[in-house]
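Chains X and L are the protein sequences, given in the same order.
Using my numbering, you'd call the opening residue of the first sequence number 2 and step up by one each time.
Using my numbering, you'd call the opening residue of the second sequence number 1091 and step up by one each time.
Some hints here could point you the wrong way.
As the list claims (entries may be wrong) - Quick list of in silico lysine-lysine cross-link-like pairs, DSSO-like style, CA-CA up to 30 Å: (1) Lys112/X - Lys249/X; (2) Lys1169/L - Lys96/X; (3) Lys1117/L - Lys306/X; (4) Lys364/X - Lys1143/L; (5) Lys382/X - Lys1152/L; (6) Lys1177/L - Lys99/X.
Simulated from the structure, these hints should not be mistaken for lab results.
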Amino acid sequence: MTKKLHQLSIKEIHQGLEKKEFTVQELIEHLLKRIDKYNPDLNIFLTINPNAIKHAQEIDKQIAKEGITKPLQGIPIAIKDNFLTKDLVTTASSKLLKRYLPQYESTVTQKLRDAGAIIIGKTNMDAWAHGSSTETSDFGSTLNPWDKGRLPGGSSGGSTAAVAAELVPVAMGTETAGSVRQPAAWCGVVGFKPTYGRVSRYGCIAMASSTDSPGPIARNVHDAALVTSVIAGQDKYDATTSPLPVKKYHTQLNRQDLKGVKVGLVKEYLIDGMDKQVKKLVLDAAEHLKSLGAQVDEVSLLDPKYSISVYTILQRAEVSSNLARFDGVRYAQDRQSFSEEAKRRIMLGTYTLSAGYRDAYYKKALAVRTKIVNEFDQVFKKYDLILGAVSPTPALKKGASAKNPLFGEMQDVLVEPSSIAGLTSISLPCGFVDKMPIAIQLTAKQFNESTVFSVADVYQQTTDFQQFPDLK
Amino acid sequence: MAKKQITQADVEKIASLANLKVTSREKKLFSEQFTKSLDVIDQLQEIDTKGIKTTHQVTGLKNVTREDKIDETRMLSQKEALSQAKKTHKGFFVVPAVIHKS
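With the rest of the complex left out, here is chain L (with noise of 0.2 Å):
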């Protein structure tokens, strides 16, 4: 692969899709920072994986599963659930609009 170079066009956008706001000294070095780790883990491209299967978990375990029933021993109570959150109305979340009129 050819080396990649990380811009910080590049840097705004991947902020933007992480929902993260980046000041411009960390646009500048994240930019130079991402360019130098991709080409460290590009050392990869040098092992040979074709037909190799991925590896995704280790445990060997398949198909976890329980029974589709409420367990009451597992929930947290409303007043559990909102003990931490900033803003709550008639016990319900309150959460920042996500979709503006234009």
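Just chain X, same shape as in the assembly (with noise of 0.2 Å):
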């Protein structure tokens, strides 16, 4: 059977235009019109470009003069609305920043650009990222295409629909902790989170700035890890980027094996909350992994619940701070534009920097934010990757964020962790609950991207988890 144009992977697109079996244009008028077929429903773009066809034909006109000469030359990608956009309104889902055209451009949409990629829309999130299931969106939830009663994640849970729901080959989410992992876990698509500081954060709308990471969403480890190639890296205008040079990942994943790895399964994060078969399914990867060679050991590591309390604190700090900024004056509308759950999170921070709370509890949690750091690193000692689930249980039901305010923090339990000491990790589907995909995370240390991609790549390669819904 022939694969039809929305099911291709960015090496198939190449491919099929290197032997003139479609054009980019007709590639994006198919995707065009499948979004208008589902996106009413599913809620996914906000925003589509309305130049994306006149691109196509521009791209079309290079790739038959000079053949394909770009990384992500004509592939379609959905970016999620917190990336400034100059010529697209840039919103983070947000009421606040509804008509705002960002006056300059981020770092990585301008890299994609440049590598040939064709931004084909922008995508619904949860309000300033704020949140783990695209409920706090000011412009109503995204729906997982896997079950529209269910909900896709967050907060970049439009951007991980869209690649599930075969919209796009690939799709830009931020993470924060968890907000690309979490969404694609409950999505059934790879989603993956660089090393804090490989990943230029400039022109990215600011949640939490001592962890933000934009990271890649897509069909398979190959995609995540080419587009990494593309947008990781040293930028002058983010002075927290490393510069240390960047690897062209997507051409390390030659492993046929395992062999010499070594995982470590961390028992704590085997929680008590968690779904009896999600933990099956977490145990039989571990037993996969072994079978291709690897040596998995248990491990432990701090309660996974004290980084709910970490990160609360930090990213409400954060918030805070970031979102003073939104003054109604240079730019957007004024701050009682602001919703409920944007409000909550600005007001709580505020009260834990103030005067006689800032010890108690910021500083407090940064001295176990060391402590976390410090776990970590005496298990990077003697393991590759740590192993564990991304979340608890397969997607909720729609309504479920409403009546819990730390609700995100919750779901995200498993995935702060690696967050707040700035690991770099992979979410990859590993099994199905009740008909939902379920997915492992594999963490590595700071900047070693490359083993968490070619071990993920290998695991993907030798299971057949990677799976797309039928839309109808």
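With the hints as a guide, bring both chains together as one complex.
Here is the structure:
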């Protein structure tokens, strides 16, 4: 059976273009038709790029003349709506920014454009990235393409749903603590979190600046690695980016087995509240890694419940500071346009940073952060990777986030520690529970993206959990 | 630490520090929720951090600076900078008055 255009990976699109089986314009038109058909229901895209077809025609001309010369030439990509794009309204899914047309371009989207990618549109998210459901979006929740009664996760839920619904082969999200990995898990696609400082934050609407990390969402590990190779690197506009050289991660996926790879399975991460079937799938994944030659041992880390506290304190504090800039003078609406969730976060952060409480909360959290970092360092002296579940449950039902002011923090309990320590990690489908996808995460020490990608690639090549829903 | 109760008056004070307005419904809701959230984050008191340094950032980078020279490529033009402002005057942003005569 030949694949349909929307089922192609980046590599397959380039192969098809080289063989002249289709044009970039045909690909874009096909995807726009699918978006027309499914978006009204799923609420994935907030903005569609009106110039996408024109852009495709230009790239078709380039390819006719010179062949494919750029790594993402003609590749359609969806962008989470917190990356500033000069020609497209950028809202962070907030009313406050509903008509905001950025004065400059984010480094990530500039690099994607320079690599030949076509931005097809901007995707829905939790407003200001404050959440793990997309239910806090001021423009309505995105629905999970696997089951419209369920949430896609978040905050990058629009981007992960876009890839799961096969509206684009690849999308960009951002993580502060799990905002790529958790929705990727719930939507059953690959979600990658680079090391903090590996990818520039310039032009990303800030949430918690000390952990914000842009990352790709893709149909397979190779495509996530390829996009990471394009967007990573030092940026003179973001002083926290690392001067370490960037590898061509996608060209290093040449492992056949996992001989010599040491994996730690964290026993504290198999938490009590975890769905039993999810736990079984994680243990199955551990067995599978062993069968490929990896050594898998149980290891011990600080109870992840403390990461909920550390993350809540640091994130609220950084949010209160970052969102102080929205005064409605230079751009956008005034502060009265903040909706409830943003107010709640800004105010809790204001409180924990205020005189008399700063030491008890903020400084305490920063000290526990040191403990978390040190514990990971100890484990990574002996192990290459840490294995665990991404989310303790399959995608939850609509409305699940409404009652709990710490919904996201509780949902993201297993992804917060690695974010707090600035590590690199990937979310990979590892099976199904109640016909909903479940995912493992593989986490490595800082700047070991290559290890994460190459092991994840072997896992994916030797399993068949990467599937896509039948949208009818 | 003793269990901390956030009152509606506290919420009002925090809102004014954050330059936000809260409705009476939000005042009640936030006072309950903040009290509960503080309960959760207070778990950290269980961890002994005596003598442990704080980690403000995880990049390992220090003193990242650039030359003190004007780089025009990273500047917005006046037109770009003003393009999203609701009110401008002769090339300036118009800001609301913050000092009031009593």
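Hint check:
no.: 1; hint: Lys112/X - Lys249/X; result: holds (15 Å)
no.: 2; hint: Lys1169/L - Lys96/X; result: holds (24 Å)
no.: 3; hint: Lys1117/L - Lys306/X; result: holds (28 Å)
no.: 4; hint: Lys364/X - Lys1143/L; result: holds (9 Å)
no.: 5; hint: Lys382/X - Lys1152/L; result: holds (24 Å)
no.: 6; hint: Lys1177/L - Lys99/X; result: holds (18 Å)
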